[in-house]
Every structure is written in structure tokens, then in C-alpha cells.
Amino acid sequence: DTAVSQTPKYLVTQMGNDKSIKCEQNLGHDTMYWYKQDSKKFLKIMFSYNNKELIINETVPNRFSPKSPDKAHLNLHINSLELGDSAVYFCASSRWGLAGDLNTGELFFGEGSRLTVL
Amino acid sequence: AQKVTQAQTEISVVEKEDVTLDCVYETRDTTYYLFWYKQPPSGELVFLIRRNSFDEQNEISGRYSWNFQKSTSSFNFTITASQVVDSAVYFCALGTSGTYKYIFGTGTRLKVLA
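Protein sequence lines correspond, in order, to chains A and B. Residues 1 to 118 in my numbering are what the first sequence spells out, letter by letter. Residues 1001 to 1114 in my numbering are what the second sequence spells out, letter by letter.
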């Protein structure tokens, strides 16, 4: 059973289109993230939700809209796709419990979704 | 502010050499977590290790070892007797409970030549 799963793995689309990437985790974690990895391999945090509430929004264009219907799901919708949106998008989930909780701070990634905008 | 610096952009070694990947971090939080991930050419992010700020013990796992030193804010990663399969991009990351944020370094590309 995959801990963090993203779909689709590959997405090729034309400029101006709208697309979505879905993410699900079965770890019981309370926090989920979207990261963008560009062609230079830089991993940048985009958004984070904790218990369905948006807690991190890192100056991402409004064309990007995350949605978390429940703790186990975090989707990313992108409107009016641009060439510069081509990247690999990684979903991740983590657990932030008490400092003594052995599992607190753990971070697991999905396999990534490679988006190519033509 | 949080910051992770991996000053080595790319390292090339010959198989069986030892190699150390450097990671320096900055944070004002007293509770934080440090990670290393491996990203092979296939693209997935493979978790290697997580350490919390209260545990400065060094760790060894097979050919991999990690040296965590709070005094120098460093969390270095050594591969002993490197192999071609170790060729990948390696990321160091810092997570802080105060911000719920994980920040990644820019990665070090390791090339192990046969």
C-alpha cells in the first residue's frame, strides 16, 4: 500500500489549459504539502494544509489553488497553465505531534507528478 | 528564518572512494528535524534519515553515516566505499515545529564513476 500517492504521474498539456493533480495519504498524518521541483532540481514549498486548514502559502500565483477536502487528501488545481509551470510537483505528508512523540516531524513524499506545458 | 545550505553543487568520485556531503542549517527554533533524501535518476525522493534536534548521536547504516553537530549547525552525510548506484542528487532538509515548514537545500549531485 503506497503511503502517499499522487495522480497522474505524467501530464502533458497545452498553454492556457486547466489541470488538477490529486494526492492521498494513508498514514494518518495531519499535515500535507505541495512542493515544486524545477529543472534545476530546486525543491520549493508551495502550500501546506494542517487538518484541512491552509497554513502555508508561499507567494504562489493565484492560478494555483490547493484544496483539502479532508485530512487524507490534498489536491492542486492550476488554471491558465503557462510554460513556466512545467515542473515536477511533489505531494508530501507529515505528522506534527508533541515533541516526545517519536513520529513527530516525519515527512513522506509521493512519487511526483511531472507536468509538461507545451 | 530557516535556511539550509549545501555548498557542494556536484561531486564526482571513483567507485570505492569515500565521499562526504555537507549540510549547514540555520534556525532559531529549539525543536527541529533534519533529513537527508536521495533522488536517483528515476526521480522519486527516497528518505534516508531523520534526526531531531535533541539527539546529536551520530548514526551509521551500512555504508552510510551521518554526523550531526549542533555547535556548527551541520548535518553531514558520508558514503563509505561508494558505488555507481549511489549516483543521485542528495538533499538535506530542515523541518521546524514552530512553522510546520520543511526547507530543502539546493541539493548535491553525486556522480560515482566505475
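FYI, nobody ran anything at the bench for these hints, they're computed from the structure. It should be emphasised that the depicted structure is a prediction, and the values quoted were computed from it without experimental measurement. Positions of the beta carbon are idealized from the N, C-alpha and C atoms, including for glycine. Errors might be hidden in some of the hints.
What the hints assert, rightly or not - Take a look, some chain B residues computed to stay more than 10 Å from chain A by CB distance:
#1 Val1014
#2 Asn1052
#3 Glu1059
What the hints assert, rightly or not - BS3-like mimics (lysine-lysine), calculated; alpha carbons at most 25 Å apart, straight line:
#4 A:Lys41 - B:Lys1111
#5 A:Lys71 - A:Lys44
#6 A:Lys36 - B:Lys1111
#7 A:Lys44 - B:Lys1016
#8 B:Lys1101 - A:Lys71
#9 A:Lys36 - B:Lys1003
We went through each hint and held it up to the structure:
no.: 1; hint: Val1014; verdict: 24 Å, holds
no.: 2; hint: Asn1052; verdict: 6 Å, violated
no.: 3; hint: Glu1059; verdict: 15 Å, holds
no.: 4; hint: A:Lys41 - B:Lys1111; verdict: 16 Å, holds
no.: 5; hint: A:Lys71 - A:Lys44; verdict: 22 Å, holds
no.: 6; hint: A:Lys36 - B:Lys1111; verdict: 24 Å, holds
no.: 7; hint: A:Lys44 - B:Lys1016; verdict: 33 Å, violated
no.: 8; hint: B:Lys1101 - A:Lys71; verdict: 17 Å, holds
no.: 9; hint: A:Lys36 - B:Lys1003; verdict: 17 Å, holds
Of the numbered hints given earlier, the model fails hints 2 and 7; all others are met.
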